[in-house]
Amino acid sequence: MVRYILERLVYMFITLLLIATLTFFLMKLLPGTPLSAADKLSEEQQAIVLEKYGLNDPLPVQYFNYITGLFQGDLGLSFQFDNREVSTILLERMGPSMTLGAQALLFGTIIGMLLGLVAAIYHNGFLDYSSTFIAVVGKSIPSFVFAGILQFYLGVQWGLFPVALWEGWEYTVLPTIALAIFPIAIAARYMRTEMLEVLGSDFITTARAKGVNRFGVVFKHGLRNALIPLVTIIGPLAVSLMTGTLVIENIFSVPGIGEQFVKSINTNDYPIIMGTTLFFSFLFILIILIIDLLYGLIDPRIRLTEGD
Amino acid sequence: MENHKPSKDLFVPVEREEEEQHEIGRPSLSFWKDSMIRLRKNKAAMVGLFLLILIAFMAIFGPYMNQYTANEQDLSRAKIPAKVEGLGWLGMDGTLSTVEEADTVESAQASALARYSNDEENTEINVLNDGSDGGQARVEAIHDPYAAKDIENNFWFGTDGLGRDQWTRVWEGTRISLYIALLAAAIDMVIGVAYGGISAYYGGRVDNYMQRFIEIITGIPNLVVVVLMILIMDPGILSITIALVITGWIPMARIVRGQVLKLKSQEFVLASQTLGSSDGRVIRKHLVPNVMGLIIINTMFTIPSAIFFEAFLSFIGLGLPTPQASLGTLIDEGFKSLQIYPFILFWPALVLSILMIGFNVLADGLRDAFDPKMRE
Amino acid sequence: MENLLEVNNLHVSFDTYGGEVKAVRGVDFSVKKGETLAIVGESGSGKSVTTKALMGLIPKPPGRIKEGEILFEGKDLTKMKDKDLANIRGKDIAMIFQDPMTSLNPTMKVGNQIMEGLIKHQKKSKAEAKKRALELLELVGIPNPEERIKQYPHQFSGGMRQRVVIAIALACNPKLLLADEPTTALDVTIQAQILEVMKDIQKEMDSGIVFITHDLGVVANVADRVAVMYAGKIVEIGKVDDIFYNPKHPYTWGLLGSMPSLESTEDELYAIPGSPPDLLNPPKGDAFAPRSDHAMKIDFEQEPPMFKVSDDHYAATWLLHEHAPHAEPPKSVQDRMKGMARERSEGDKV
Numbered sequence: 001m002v003r004y005i006l007e008r009l010v011y012m013f014i015t016l017l018l019i020a021t022l023t024f025f026l027m028k029l030l031p032g033t034p035l036s037a038a039d040k041l042s043e044e045q046q047a048i049v050l051e052k053y054g055l056n057d058p059l060p061v062q063y064f065n066y067i068t069g070l071f072q073g074d075l076g077l078s079f080q081f082d083n084r085e086v087s088t089i090l091l092e093r094m095g096p097s098m099t100l101g102a103q104a105l106l107f108g109t110i111i112g113m114l115l116g117l118v119a120a121i122y123h124n125g126f127l128d129y130s131s132t133f134i135a136v137v138g139k140s141i142p143s144f145v146f147a148g149i150l151q152f153y154l155g156v157q158w159g160l161f162p163v164a165l166w167e168g169w170e171y172t173v174l175p176t177i178a179l180a181i182f183p184i185a186i187a188a189r190y191m192r193t194e195m196l197e198v199l200g201s202d203f204i205t206t207a208r209a210k211g212v213n214r215f216g217v218v219f220k221h222g223l224r225n226a227l228i229p230l231v232t233i234i235g236p237l238a239v240s241l242m243t244g245t246l247v248i249e250n251i252f253s254v255p256g257i258g259e260q261f262v263k264s265i266n267t268n269d270y271p272i273i274m275g276t277t278l279f280f281s282f283l284f285i286l287i288i289l290i291i292d293l294l295y296g297l298i299d300p301r302i303r304l305t306e307g308d
Numbered sequence: 001m002e003n004h005k006p007s008k009d010l011f012v013p014v015e016r017e018e019e020e021q022h023e024i025g026r027p028s029l030s031f032w033k034d035s036m037i038r039l040r041k042n043k044a045a046m047v048g049l050f051l052l053i054l055i056a057f058m059a060i061f062g063p064y065m066n067q068y069t070a071n072e073q074d075l076s077r078a079k080i081p082a083k084v085e086g087l088g089w090l091g092m093d094g095t096l097s098t099v100e101e102a103d104t105v106e107s108a109q110a111s112a113l114a115r116y117s118n119d120e121e122n123t124e125i126n127v128l129n130d131g132s133d134g135g136q137a138r139v140e141a142i143h144d145p146y147a148a149k150d151i152e153n154n155f156w157f158g159t160d161g162l163g164r165d166q167w168t169r170v171w172e173g174t175r176i177s178l179y180i181a182l183l184a185a186a187i188d189m190v191i192g193v194a195y196g197g198i199s200a201y202y203g204g205r206v207d208n209y210m211q212r213f214i215e216i217i218t219g220i221p222n223l224v225v226v227v228l229m230i231l232i233m234d235p236g237i238l239s240i241t242i243a244l245v246i247t248g249w250i251p252m253a254r255i256v257r258g259q260v261l262k263l264k265s266q267e268f269v270l271a272s273q274t275l276g277s278s279d280g281r282v283i284r285k286h287l288v289p290n291v292m293g294l295i296i297i298n299t300m301f302t303i304p305s306a307i308f309f310e311a312f313l314s315f316i317g318l319g320l321p322t323p324q325a326s327l328g329t330l331i332d333e334g335f336k337s338l339q340i341y342p343f344i345l346f347w348p349a350l351v352l353s354i355l356m357i358g359f360n361v362l363a364d365g366l367r368d369a370f371d372p373k374m375r376e
Numbered sequence: 001m002e003n004l005l006e007v008n009n010l011h012v013s014f015d016t017y018g019g020e021v022k023a024v025r026g027v028d029f030s031v032k033k034g035e036t037l038a039i040v041g042e043s044g045s046g047k048s049v050t051t052k053a054l055m056g057l058i059p060k061p062p063g064r065i066k067e068g069e070i071l072f073e074g075k076d077l078t079k080m081k082d083k084d085l086a087n088i089r090g091k092d093i094a095m096i097f098q099d100p101m102t103s104l105n106p107t108m109k110v111g112n113q114i115m116e117g118l119i120k121h122q123k124k125s126k127a128e129a130k131k132r133a134l135e136l137l138e139l140v141g142i143p144n145p146e147e148r149i150k151q152y153p154h155q156f157s158g159g160m161r162q163r164v165v166i167a168i169a170l171a172c173n174p175k176l177l178l179a180d181e182p183t184t185a186l187d188v189t190i191q192a193q194i195l196e197v198m199k200d201i202q203k204e205m206d207s208g209i210v211f212i213t214h215d216l217g218v219v220a221n222v223a224d225r226v227a228v229m230y231a232g233k234i235v236e237i238g239k240v241d242d243i244f245y246n247p248k249h250p251y252t253w254g255l256l257g258s259m260p261s262l263e264s265t266e267d268e269l270y271a272i273p274g275s276p277p278d279l280l281n282p283p284k285g286d287a288f289a290p291r292s293d294h295a296m297k298i299d300f301e302q303e304p305p306m307f308k309v310s311d312d313h314y315a316a317t318w319l320l321h322e323h324a325p326h327a328e329p330p331k332s333v334q335d336r337m338k339g340m341a342r343e344r345s346e347g348d349k350v
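Chains as they are written, first to last, in our numbering: chain A, 1 to 308; chain B, 1 to 376; chain C, 1 to 350.
Extracted from the complex, chain A is given alone in its bound form (with noise of 0.2 Å):
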C-alpha cells in the first residue's frame, strides 16, 4: 500500500513538472509584458521593470529559476498588482472558493444520492420520474443558466438572498445552490442506477428470503454497496466545480480564485494565469488520489487485494 501510494505520488510530481513547463513555454510565446501594464516608462524605468521580473535573463535561466521557485512555493509577481507575489494573491482568494465548493460538493451529493434513493426505491413510480426528471434537467441546463434564474427571481424580484459579493454566509447561498446544480443530478442519477443494481441482485433475494424487511434491505444491504461506486464520481465533480466556479464566482462577484484568474485573463496578467493553472492541476491530480486510496479504503474485496 505505501509503496503504491509513493508510485502515485512520483507520477504526480512528473505530471506537474510537466505542466508546469508546458504552461511556462506557451506564456513565453504570447505577446505581453508587465510593460502593458504600466505605461509610459522611460527606458530606464522600463529595463528597471523588466529586471524585476527576471525577463532580461536568457530563456532558459527564466525558466530554471521558475521552476526552483515552485519548489519553493514561489510562483513569480503579477504583472498587474505591483509588486505582489501571485503566491499570495491566491493564499488570499483561495478561502471564497474553497468554502463555495465544499459546500457545493457536501450538498449537492447529499441531496442528489437522496433523489436517487428515492427514485430507486420507487422504481418506476411518480417519485422515481420526478427525480429523473430533475436530474436530466440539472445535467444540461449549465450553471451560469440556472445562476441567472436565481439571481433574477430569489435575488432581484423576491429579494430572499443577496445578489452579488461576498460578505456573509448569506451571500453563499446562491451561488452554492448554482454549482451545487449539477452534482445533484450527477450523484442522483447514479445513485439510482447503482441502487437498482444491488437492489436486483442475488445478495438481496438472499437478504429478503431470510425475512428481512424492506427497509432493512434498502439500508443495510443496498446502501453500502451502492456507496462504494459512488466514491468515483466524488472525483469528477470535484473537478466540475473547478470549473463552475469559474463562471459563478464572476456572475455572483465572489472575490475567489476563479474570479481572479478570468480577471487575469483579461488583462494577460500571465504569471496569475500559469499560478492558477499550475494551482488547478494540482487540486486536480491529487483529488484523483485522494478517490483512488479512498475507494481502496472502504471496499473490503479491494482492501484486502492489496494486503495479500
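Careful, some of the hints might be misleading.
Claimed, not checked - If you want the footprint, here are the derived chain C segments under chain A, 3+ residues with CB under 8 Å:
| hint | stretch |
| --- | --- |
| 1 | 100–111 |
| 2 | 114–125 |
| 3 | 313–323 |
Hints are computed from structural coordinates only; laboratory data are not their basis. Keep in mind the model is a prediction, meaning the values are calculated, not measured. Glycine is no exception: its CB is placed at the ideal position from the N, C-alpha and C atoms.
Given chain A, put chains B and C in place with the hints provided.
Structure of chains B and C alone, referenced to chain A:
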C-alpha cells in the same frame, strides 16, 4: 368433460420433417432494428429528437424569417422586449413593467414614470396600494416601447442592448454553437476511434506507449488545456474547436480501446483471423459494427458538453470576438442587464437549455436502446 | 401424513414490453414433512419462478401471481401481507440459492449475515446469535468457525460460500427448505459434500425440501419424489423409481436419454430436438408436441389432462389415453433404463 372424450381419429401420429422440430419460436431481430424499435418507444428520447430537429431547423432558417439582420444596430430601439401577435398571454406582448414603492403614491408614480423617460402617453399606471394602511405606497407601471418608438414590425425575441434583433442573433448564435459542437464532436470521434482502435488492435508495445501518452495528458485538467490553447491562438471558431478537441478525443479513445480489446479476444474474431481474413476485413466486418453503438452514444454525449464548453469560454472572456455571436456570448451579454432587462438573457438561455436537454435525453435514450443488458 | 406445503393451480406471469409472459401455467404439487421433492426441467421451464413464488420473492412488477394458492401449514401465502410473509421467510421457509458467488452480501461479514435472521426471528441477543452462528458453521462443515465468522465472503471459496448460504438458510430450523440448484455452480466433489450436508440436516430437523435441479444424477441421489416441469407446467410427477424406471411422458424420456452415464458405451446421447416454446404465446394443445417424436393430431388441439399411472404417479400426455397408439421410449433410453435397473439391483446386493 369434452376434454376427456376426444374423438378417436385424433389419435393418429403426425409425420413431420426433422427441420420443423427445430423451428425457432420468435423471429430474430437484427441488433440495429431491435435497438431502433426500443428507441422509438422511448418517449423522452423522441421528444428530445423532435426538439433538436426543431432547433436545427430554426438555426438554419430562423434568421431569414424576418427583415432584420444580426448586426443592424439602432440604439433608439435598444432593449425592447419580445412581442408576437397572438402570444400576448405568454407574456410576449412587448411591454415592460415595473413596481415602485415610495412614501406617497405620487412619488412612487414619479419614480415609475422616470424609468420610462416620463413618457406618460405610452405608460399605464396602476396603484396597487395607496399607502392608506400605513405601509408603503406601491405603484405598477406598464410601458409599451413599441408604441412609444413607433415600431411596426414586431421583434419576436425583442432586441439587445444595441438595438439588434434578438431573434436573428439567437438563431445565428445557435447555428455557430451547433457548428462548433458538431465539428468538435466529429473530430473527437475520428481521432478517438483511430487512436483507440489502433492501440487496441495492435496491442503489445504500441498499445503500451499509446496508453502512457493518454495517462499523462489526462493528468492535466481539460479546463487548463482549453484556456491555455485559446490564449495562444486567439478566440475564433477554429481555435475554439481545436481547443475543445485537444482533450475531447480521450474518452472516445478509451471507450473504443476497451471495447476492441474485449472483442479481440472473442471467438468470432479469432475464427475470422484463423480463416485468413486481412486486418482491414476483420476491422470492417467484425470490430466496427460491434463498436458502433458505443461510438454513437459517446458522440451524442460529447456534443452537449462541447456546446457547454463553448458557452463557458464566452463567460471567462475567451469566447468569439464581436460581432460574431454564439449562444454563449449572447448569454454573457444578457447577464450585463439581467436585473432590469432579464429578457435579453432569457431567449438565448432558453434555446441553449433546450438544446442541452434534447441532446442529453436523446443520448440517454440511445444508450438504453443499445444496452444489451436491457434486452429480453 | 398431512401436507406441509400444498400448491394448487399456481399461475405466475411477467408483464414485459412484448406482452404477458406466462412463466408458470397451473402447477400442483405437495410436500410432506421430511420429504424431498425434486423439480427438474430445462432452463426456462418455470422451476425457479415456482420456488420464488413460494417465498413471495417474485419481483412485482413485472411479475405477479395470477391465480392459484400456496398453502403452507394450511395458510395461503398468496393472500398474506408482505409484512407477515417476511415473518415466515427465513423462519419457517428458507431458501438456498444457486450461485454462491453472488448470493452473499460482499460488504457484510459472514457472521453478521448468518446472525441477521436469528436476531430477527428468534429475538436472540447478539452473543446468543453468534454462538448459534458458530454451531451452524460447524454443522455445514466450515473449519475454524471462530476465525471465519469475522471474514468477508470474498475470502471464502465457492464451495465454502455455498456452505455459508446453507448455514443462513438453516439458521432458524426451517420447516421447509427450498433449494434452487444449490450445487450447480460447484465442482462435482464439492457437490457431493453439500448434498450430504443437506441430507444430514434434513434427518436431524425433519424438514421438507423442494429441490430444484436439471441434474438427474443429483435427483436420483436426494429425492423421494420427482416433478418434471416443461413450459410452465408439471408434465409428470411420481416417486423417483416411477420417473426413472417407468417414465410415461415423452419429455421425461428425452431428459433421461440426454443424461450421460458410465454404462452406455455404444451410442451417442439422445438430444431433444428444437427449443422450448415461447411463453409469450404458449402453443395450443400439448406444449411439447412440436418437439415430440410421438406427436398426434390431438396434441395440437387439446391440452392433455393428468393421467393417473399409479397412486402417486401421474403424467400429462395423450399417449396414456385409451385410444392412443402404443409408444415406446427411444431405444437408447430403454437401454439406459435397463442399465440403471441392473446397477440398482447390484447396488442393493452390496
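Each hint tested on the structure:
1. Three residues within the 8 Å Cβ limit are the bar, and the stretch 100–111 of chain C against chain A gives 7, so the coverage statement holds.
2. Closer than 8 Å: that is the beta-carbon criterion, and the stretch 114–125 of chain C has 4 residues meeting it against chain A, so the requirement of 3 holds.
3. Judged by the Cβ-Cβ criterion of 8 Å, the stretch 313–323 of chain C is not covered by chain A as claimed, because only 0 of its residues qualify and three are needed.
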